[in-house]
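Chemist: So the chains spell out like this:
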Amino acid sequence: MKQLLILSGKGGTGKTTIASAFIKLSDTKAYADCDVDAPNLHLITQQVSEPKKTDYYGLSKAEIDTVLCIACGKCMENCRFDAISTEVIYQVDYFACEGCGVCEAVCPVKAISLKPAVAGELMLYVNGKKVFSTAQLRMGNGNSGLLVSEVKKQMKNASGKVDIALIDGSPGIGCPVIASISGVDMVLIIAEPSVSGISDMERIIKTATKFGTKIAVCINKYDTNLENTDKIEEYCIEQGLPFAGKIPFDQDAVKAVNNGYSIVDIDCPSGTATKEIYTKTIKILLNEMVG
Amino acid sequence: MRIAVLSGKGGTGKTLVSVNLAVVAKKSIYIDCDVEEPNGHLFFKPMVTEEKEISMQIPKVDEAICNGCRKCVDFCKFNALAYIKGKIIVFDDVCHSCGGCMILCPQKAISGRNKSIGKIRAGSSDGVVVYTGILNTGEASGVPIIKELLSGIESEHNKTIFIDCPPGSACIVMESIKDADYCILVAEPTLFGVHNLNMVYELVKLFNKPFGAVLNKCLEGENPAEKFCIEKDIRILGKIPFDRQLGTLNSNAKIAVKENKKYEEQFSTLLDAIIKEAPYETATNT
Chain F
1 MKQLLILSGK GGTGKTTIAS AFIKLSDTKA YADCDVDAPN LHLITQQVSE PKKTDYYGLS
61 KAEIDTVLCI ACGKCMENCR FDAISTEVIY QVDYFACEGC GVCEAVCPVK AISLKPAVAG
121 ELMLYVNGKK VFSTAQLRMG NGNSGLLVSE VKKQMKNASG KVDIALIDGS PGIGCPVIAS
181 ISGVDMVLII AEPSVSGISD MERIIKTATK FGTKIAVCIN KYDTNLENTD KIEEYCIEQG
241 LPFAGKIPFD QDAVKAVNNG YSIVDIDCPS GTATKEIYTK TIKILLNEMV G
Chain H
1 MRIAVLSGKG GTGKTLVSVN LAVVAKKSIY IDCDVEEPNG HLFFKPMVTE EKEISMQIPK
61 VDEAICNGCR KCVDFCKFNA LAYIKGKIIV FDDVCHSCGG CMILCPQKAI SGRNKSIGKI
121 RAGSSDGVVV YTGILNTGEA SGVPIIKELL SGIESEHNKT IFIDCPPGSA CIVMESIKDA
181 DYCILVAEPT LFGVHNLNMV YELVKLFNKP FGAVLNKCLE GENPAEKFCI EKDIRILGKI
241 PFDRQLGTLN SNAKIAVKEN KKYEEQFSTL LDAIIKEAPY ETATNT
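Sequence order for the protein chains is F and H.
When we follow my numbering, the leftmost residue of the first sequence carries the number 1, and every step to the right adds one.
When we follow my numbering, the leftmost residue of the second sequence carries the number 1, and every step to the right adds one.
Careful: at least some of the hints might be erroneous.
Claimed, not checked - Within a straight-line C-alpha distance of at most 27 Å, the following computed DSSO-like cross-link-like pairs (lysine-lysine) qualify:
id	chain 1	residue 1	chain 2	residue 2
1	F	210	H	52
2	F	231	H	258
3	H	178	F	61
4	H	147	H	209
5	H	147	F	255
6	F	61	H	209
7	F	110	H	77
8	H	108	H	85
9	F	110	F	52
10	F	210	H	119
11	F	115	H	258
12	H	27	H	258
13	F	53	H	205
14	H	159	H	119
15	F	255	H	232
16	F	206	H	254
17	F	153	H	77
18	F	206	H	115
19	H	60	H	27
20	H	52	H	159
21	H	60	F	210
These are computed hints drawn from the structure, not numbers from a lab.
Note that this is a predicted model, so its numbers are computed, not measured.
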């Protein structure tokens, strides 16, 4: 199974819109949404059945037994996450606690224990031979990287023999992004021709390069700023990164997505451009083309 | 007063809103908490007056003292330590810097060493004080940088502070809005926009923050984000129409309110609405 991951650095450049188009075009039997913080792929992939849901346990959270607590303050003193406070009684801030267990270890009267905590929900949609793995992190939770790994694992375990799996990623360059890059065969970066978009693209490329993953770049809404589009293309040449193509700004794209369709379901300029990008991307992924 | 600008979805216009509001507010502070992909500085192009390295403490094992008891390895919930071939190996990338191994080692063989995870830059641009947090590429968590960013400005509370948050509703967003007196939710009129607006709406409710919404990229016709706000009784602070000229200015990292009177009026009206909505009483509540 070759895994293609779609990333962007900056949010809102069109990851999910393009991922959903690629899913349609490839008719893949395995795909996943690794944006566990704000998953949207399920909204436009026309799922026909309810998903199988599993609770996801993140790291445990500390709990103080107020009856045993002697208010010595050792836990608060040693917590590096400012997760313990005292107003009337000593309390753990559920969201700040990272479950490291230091408080439990330093408490002289064993008043603190770590309790398992549900940090999110894994979902698996099965439609015939097609599997779609996704998840939703609970609000304010950390450690989304672990959940991202679970989403990918779930996809792999549930799918049969699949040539190409498609994965929609999350914005940024941190924990969930790093977890999503691990083990994939290629990252397609959706760049946006703005000064912010270029800065963010460079940072995600640096990040993906650190993990030694193959990278290709395409530009969305390229005609909103042709000067910046040129800059991105030049950057790709300089860095020796394969360029997969560019998609014009297209009001019809918004309409398609708002109606729950992908941009290749309707006849529109952005859909046509995405088809070309898809063909080129797959060639790059399968090493049929260099540069 | 601290005003946090957030959105579940990326690319809805958090930076557009917070940068332009900070400029029309005049005496203000802009803090970029989107440490993974900070963009505010690209607009402000501030004169940087101070730069501070942010590091976290990770364990350093003195092999001469370590007796191989493995208490640290057993304790570490993040599997950042392993005992291989008679030596403790530290995996920097997964260490959360809780300090547990240092406290627990019976031989006192573990001390801390600083590992840089990013930096904070302070500067100014036409009277706006600009703070930027930047996470090093390859690092997993920007939370320590956000903590440092927001703790450093405690004393200057006579100015309005705008906090430009990362997208989403995970731990980094929570950290960014923790001490905010008011939250602005920026939403766009798409199916994804509404779905993600709902997430941040739940988040600000969970944290009991007073809040209102700004609808960006508004087109003629039905606006699903507006419909959502009306359904949930969310105060709409202002609407920014979809506007090619504004988009171009923004994509060239120009501050719209400085370029065109029309936008200056638009954002001043928005700021007035926010100030009216977020009275100073909320500031004293927290």
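Chemist: Hint by hint, say whether it matches the structure.
Modeler: Now the hints, each set against the structure:
1. F:210 to H:52: The hint holds at about 24 Å.
2. F:231 to H:258: 25 Å, holds
3. H:178 to F:61: Holds: residue 178 of chain H and residue 61 of chain F sit about 19 Å apart, inside 27 Å.
4. H:147 to H:209: 19 Å, holds
5. H:147 to F:255: 40 Å, violated
6. F:61 to H:209: 24 Å, holds
7. F:110 to H:77: 18 Å, holds
8. H:108 to H:85: With Cα atoms ~21 Å apart, residue 108 of chain H and residue 85 of chain H stay inside 27 Å; holds.
9. F:110 to F:52: 39 Å, violated
10. F:210 to H:119: 19 Å, holds
11. F:115 to H:258: 53 Å, violated
12. H:27 to H:258: 15 Å, holds
13. F:53 to H:205: 25 Å, holds
14. H:159 to H:119: 24 Å, holds
15. F:255 to H:232: 24 Å, holds
16. F:206 to H:254: Answer holds: residue 206 of chain F to residue 254 of chain H is near 26 Å, not above 27 Å.
17. F:153 to H:77: OK: residue 153 of chain F and residue 77 of chain H at ~21 Å, within 27 Å.
18. F:206 to H:115: 19 Å, holds
19. H:60 to H:27: 45 Å, violated
20. H:52 to H:159: 22 Å, holds
21. H:60 to F:210: 24 Å, holds
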